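Protein chains: 2
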Amino acid sequence: MAEQAPDKITPRAEDYSRWYLDVIRQAGLAEPAEVVKGCMVIKPHGYAIWEKIQRALDDRFKETGHQNAYFPLLIPESFIKREAEHVEGFSPELAVVTIAGGQKLEEPYVIRPTSETIIGHFFGRWIQSWRDLPMLINQWANVMRWELRTRMFLRTGEFLWQEGHTAHATHAEAVEEVKRMLDIYAEFAEGHMAMPVVRGVKTDSEKFAGALQSFCIEAMMQDNKALQAGTSHDLGQNFGKAFDVKFQNKAGLTEYVWQTSWGVSTRLIGALIMTHSDDNGLVLPPKLAPVSVAIVPIFGKGGDEAAVREAGAAIEKELKAQGLSVVFDVRDHKPGFKYFEWEQKGVPLRLEIGPKDLEKNQVAAKDRLGTAKEFWPRANLGAHVKEHLDRFQTQLFDRAKERRAANTVKIDSWSDFKDVFAGDNSKFVLAHWDGSRETEAKIKEETKVTIRCIPFDSPDEPGKCVHSGKPSPRRVLFSKSY
Amino acid sequence: MAEQAPDKITPRAEDYSRWYLDVIRQAGLAEPAEVVKGCMVIKPHGYAIWEKIQRALDDRFKETGHQNAYFPLLIPESFIKREAEHVEGFSPELAVVTIAGGQKLEEPYVIRPTSETIIGHFFGRWIQSWRDLPMLINQWANVMRWELRTRMFLRTGEFLWQEGHTAHATHAEAVEEVKRMLDIYAEFAEGHMAMPVVRGVKTDSEKFAGALQSFCIEAMMQDNKALQAGTSHDLGQNFGKAFDVKFQNKAGLTEYVWQTSWGVSTRLIGALIMTHSDDNGLVLPPKLAPVSVAIVPIFGKGGDEAAVREAGAAIEKELKAQGLSVVFDVRDHKPGFKYFEWEQKGVPLRLEIGPKDLEKNQVAAKDRLGTAKEFWPRANLGAHVKEHLDRFQTQLFDRAKERRAANTVKIDSWSDFKDVFAGDNSKFVLAHWDGSRETEAKIKEETKVTIRCIPFDSPDEPGKCVHSGKPSPRRVLFSKSY
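Residue numbers (the numbering used here), protein chains in the order written: chain A, 1 to 482; chain B, 1 to 482.
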């Protein structure tokens, strides 16, 4: 990149949506494809974060007995139509291939918006007996949903994700799987992304098209809106019946299998940005940062450049031995340019080493949240850096959790509810709901607020619906959302 | 899976094509999708091999300074048409999206058959100055080429691959990159796949549509046909000009960039199968085997089952500590069933442990190429297994190299040439060629034989073309091919 003044990042307070796009641009995470409507290019820094996410989740999927496989991108159009709710949910968003190899196709193919149908078809071929169950499959893939309003990472025509698809002999086992995978998502969100989440179940009108029940994790972004960060669905026997996936049980009787599906996508990168970043750019948790530490050499006038290079390389080696991803930035740019760039890219820790530091046997250190430089002794630097990054990871999580606590309220009257959500405002609101689809729809229509989930930890607490005044057994989570 | 007699594998000598498909089925690598023409499902064991391939190659790409990114699946149809040779090469194989989100598209999109065009477009946006060069990008993705004749892994409508795309300031640097990546492919093929390859350059009629020159690695399969296992292209300024990718050089002048692209695909799994496997099923090199060692417990009548389980678990742990991927197969099947299954799946080494082995402080061992069981002492088993697998890897490579040497011949007369390739026969034939496209076409028409490459190590050796009798400066490599 030419050494030029980088573009500025719009402050959050001025224009939150603009800020989000500015952070993405300045960190080099992605850019709109423009020539392909609603799609984006994931640039190297963004893709490197996705690789970190993939590696961590994939390890957990495999530890819990899942195997990866790959199914066709194209799905016969008729497959989508076999499950009534599924077709209703996905039809409007399909991209359709009508010509291939120079010929018009007799039956068009759709580009997978999700793979329940095509995988259901193969489960039908692979599963005969209870001995074939559970079948635990995961796929890392691209999917396509033609959306009208797109926003990078959060909602794009094409996106990358993983989709788990499993089949079980009993409903109880399927439900156990749905919960297990939701827990893995929640632990990943909190442990790796440093992003606190609410676990819960979706209402009927918000659940996956074709599921009995959808479980989800919901996170609060910095504008206090909710972002659905992962879902895990109990599909019941709906797809088993649509694709004739039967097995012989131990008693010799033929039954339909019970299926689940669960997924997270590159949307998580959007969630990371909006959970931690600030007006200076991206902020990344060390566990997912492609670069954890940037070492910047200072070649002062008359200083011993060779000695600085040698010291920098030695530090790089020491930190790498700690398993950290490190860049020793010897590019031909001024230090200030490098500081600025690493800051915008969200590198958790910057170390500087110059002739004075060599004399004093120290390094200068500044972490991405810190306001002032510190000086750390050169001895045992590797271990010290590692400890510091662990604390940084915790600090990010605590900060996000405090922010969420400060912006979560219990509301019991409709006028208070409307006040909280006035204009573009949002919060996490715990309020009573009468359980009806009609009330949910009215609330959404009047305020753009949806029920994000019925939290698992919402205690039994009889009350009255915030909108209809009808009885309610417990509070649910309302918010505006992405 | 129900405990039933598995289907048999057709011997190679009886029907080589059938053998190939039988190995794939019995090893659980893939199956034809059928409902999606020419496409396949990559099943868990096949996908696990692909993951091993990905990990090893990706590490090498990153070591050599490349970064991963992700570009849109869909490409505006007009993009494909901008480079004259490119459109001619790929047009017949395109899958076209004409409807999206319920609307007919004004300009259709094609599903990427390869991404030179769309990536060229973005390089045009990202590259301004010599400081932006070299730009070294790689993408792991699915691509689609609507083929008439398909064969699993070797040629399918959709396949998975990686495509490297780089831009450079000079032609010399681009050519250096093209060679560097070909060398990485060749080292991977020989070092990891245990598959010897010939490195060389394609003739003009066999090169990539839009390239100045294509370098390739060619491997000999067990039917003595060639399989192109990887290609690396010098694109010159062809795509730079088509997509207006210019930069300001150090002298302040504007030039077009010099580009390269290079790729390998899931085809490598087909190459693995046809290089090493036998009439009993898959044979895998340890470096790419998802499971290197299968430990099978023998619970003899009256034996101490708990002690056998404990010993098996201890061995599993010891081998895992050596970095080996191990399965301790405690499934409720008879040992013979397990032996058979692991053999068909190509597991390099099987260990058995039963009450008698416990008494004697030993394990029974049989590797995938071995004819008889050996008994190895329990002490230091981990180190011993690791050494054995290293030798096994070398053994596979040597065996393949010997087979290739035995089936590579120099031919100087047209009648000998026709004899070698009579019927469905093939070999690697080193023969003289007059360098003309016409002669190449005639040879292909008369014998179905193509010039696989002009090997880099083909010495200067003036001679006469095997077909036309015209002068030739050196021998080239002829073979039938996949």
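Don't take every hint at face value.
The list cannot tell twin chains apart, which means a pair is met if one copy fits it or any two copies do.
With a straight-line Cα cutoff of 27 Å, these simulated BS3-like cross-link-like pairs (lysine-lysine) come out [to be verified]:
{"no.": "1", "residue 1": "Lys104", "residue 2": "Lys37"}
{"no.": "2", "residue 1": "Lys366", "residue 2": "Lys52"}
{"no.": "3", "residue 1": "Lys338", "residue 2": "Lys250"}
{"no.": "4", "residue 1": "Lys338", "residue 2": "Lys246"}
{"no.": "5", "residue 1": "Lys37", "residue 2": "Lys81"}
Simulated from the structure, these hints should not be mistaken for lab results. Please read all numbers here as calculations on a predicted model, not as lab measurements.
Cross-check of the supplied hints:
In this homomeric assembly, lysine 104 and lysine 37 come within 27 Å of each other (Cα to Cα) both inside a single copy, at 24 Å, and across copies, at 13 Å. For the identical chains of this complex, lysine 366 and lysine 52 are intra-copy neighbours only, at 24 Å inside a copy versus 38 Å across copies, given an alpha-carbon limit of 27 Å. Proximity of lysine 338 to lysine 250 under the C-alpha cut-off of 27 Å is restricted to the inter-copy arrangement: shortest distance 22 Å between copies versus 65 Å within a copy. Proximity of lysine 338 and lysine 246 under a CA criterion of 27 Å is satisfied inter-copy only: 26 Å between copies versus 60 Å inside one chain copy.
In this assembly of identical chains, the alpha carbons of lysine 37 and lysine 81 lie at most 27 Å apart whether taken from the same copy (26 Å) or from different copies (19 Å).
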